[in-house]
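These protein sequences, in sequence, are chains S and F.
Letter 82 of the first sequence, counting from 1, is numbered 116 in this note's numbering, and no numbers are missing.
Letter 54 of the second sequence, counting from 1, is numbered 673 in this note's numbering, and no numbers are missing.
These are computed hints drawn from the structure, not numbers from a lab.
Note that the structure is a prediction, hence the values are computed from the model and not measured.
Some clues are possibly wrong.
[Claimed, not checked] Interface residues of chain F toward chain S, partial, derived using beta-carbon atoms under 10 Å:
{"hint": "1", "residue": "Tyr644"}
{"hint": "2", "residue": "Asn646"}
{"hint": "3", "residue": "Tyr651"}
{"hint": "4", "residue": "Asp668"}
{"hint": "5", "residue": "Phe708"}
{"hint": "6", "residue": "Asn716"}
{"hint": "7", "residue": "Gly722"}
{"hint": "8", "residue": "Lys723"}
[Claimed, not checked] Below 25 Å or equal to it, Euclidean Cα-Cα: the simulated SDA-like pairs (lysine to any residue) are:
{"hint": "9", "chain 1": "F", "residue 1": "Lys661", "chain 2": "S", "residue 2": "Ile46"}
{"hint": "10", "chain 1": "S", "residue 1": "Lys91", "chain 2": "F", "residue 2": "Ser638"}
{"hint": "11", "chain 1": "F", "residue 1": "Lys723", "chain 2": "S", "residue 2": "Phe140"}
Ideal placement from N, C-alpha and C gives every residue a C-beta, glycine not left out.
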Amino acid sequence: EAQVTQNPRYLITVTGKKLTVTCSQNMNHEYMSWYRQDPGLGLRQIYYSMNVEVTDKGDVPEGYKVSRKEKRNFPLILESPSPNQTSLYFCASSLKPVGSGTGELFFGEGSRLTVL
Amino acid sequence: GESVGLHLPTLSVQEGDNSIINCAYSNSASDYFIWYKQESGKGPQFIIDIRSNMDKRQGQRVTVLLNKTVKHLSLQIAATQPGDSAVYFCAESLYGNNRLAFGKGNQVVVIP
Numbered sequence: 035e036a037q038v039t040q041n042p043r044y045l046i047t048v049t050g051k052k053l054t055v056t057c058s059q060n061m062n063h064e065y066m067s068w069y070r071q072d073p074g075l076g077l078r079q080i081y082y083s084m085n086v087e088v089t090d091k092g093d094v095p096e097g098y099k100v101s102r103k104e105k106r107n108f109p110l111i112l113e114s115p116s117p118n119q120t121s122l123y124f125c126a127s128s129l130k131p132v133g134s135g136t137g138e139l140f141f142g143e144g145s146r147l148t149v150l
Numbered sequence: 620g621e622s623v624g625l626h627l628p629t630l631s632v633q634e635g636d637n638s639i640i641n642c643a644y645s646n647s648a649s650d651y652f653i654w655y656k657q658e659s660g661k662g663p664q665f666i667i668d669i670r671s672n673m674d675k676r677q678g679q680r681v682t683v684l685l686n687k688t689v690k691h692l693s694l695q696i697a698a699t700q701p702g703d704s705a706v707y708f709c710a711e712s713l714y715g716n717n718r719l720a721f722g723k724g725n726q727v728v729v730i731p
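So that you can see chain S by itself, here it is in the shape it has in the complex (with noise of 0.2 Å):
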């Protein structure tokens, strides 16, 4: 079955202590990103990666570090995580960038993370 898969679905955790969500696809997607979604501001892209080893920033990049070593996963880490990264994180693939005409992006479950 086509999927992304997010680890953990749900995390509590404390302020500094470091943490790495995990992204995985199936689908052999080029494209993959990572959105924070908070009541009243939708969905805001944290960073991206168009193809193994290229990655850039979104619109949200303070307090995370992404790395993509393999085509198929694309963990979010969080060096020094701060109550105001408390939120709910969506990872997401797609076969091409959106910027080539599709949308069509793919998303996780989503992972819920309350830093304390």
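Here the structure of chain S is known, so what remains is to put chain F in place on it, guided by the hints.
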């Protein structure tokens, strides 16, 4: 499951009626637009897209209308069903720009 958010504009529609969801986009240079649907506890799902050289596109039970003059996008759902209850997001992109900007969403509640 995970809920999308609070205090979104809400459209309540009777089952079987048509729904119209509106979206004002921000960038007059955007040339590609997409509608996504997000059910409670799930990630967004692609519904339909439209390029700026079109003003209308139809899918299965859905139609997207684009008015570039007033930077307005709408999604029409025919014969709304209970499974259409969700939050709907519009998104815009510039060709060649690999970023997608999402609107804040509209909640649709279908009354059986």
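Checked hints:
1. Tyr644: 12 Å, violated
2. Asn646: 13 Å, violated
3. Tyr651: 6 Å, holds
4. Asp668: 5 Å, holds
5. Phe708: 7 Å, holds
6. Asn716: 5 Å, holds
7. Gly722: The hint holds - glycine 722 of chain F has a Cβ within 10 Å of chain S, the shortest such distance being about 6 Å.
8. Lys723: 4 Å, holds
9. F/Lys661 <-> S/Ile46: 20 Å, holds
10. S/Lys91 <-> F/Ser638: 36 Å, violated
11. F/Lys723 <-> S/Phe140: 19 Å, holds
Checked against the numbered hints listed earlier, the structure breaks hints 1, 2, 10; every other hint is satisfied.
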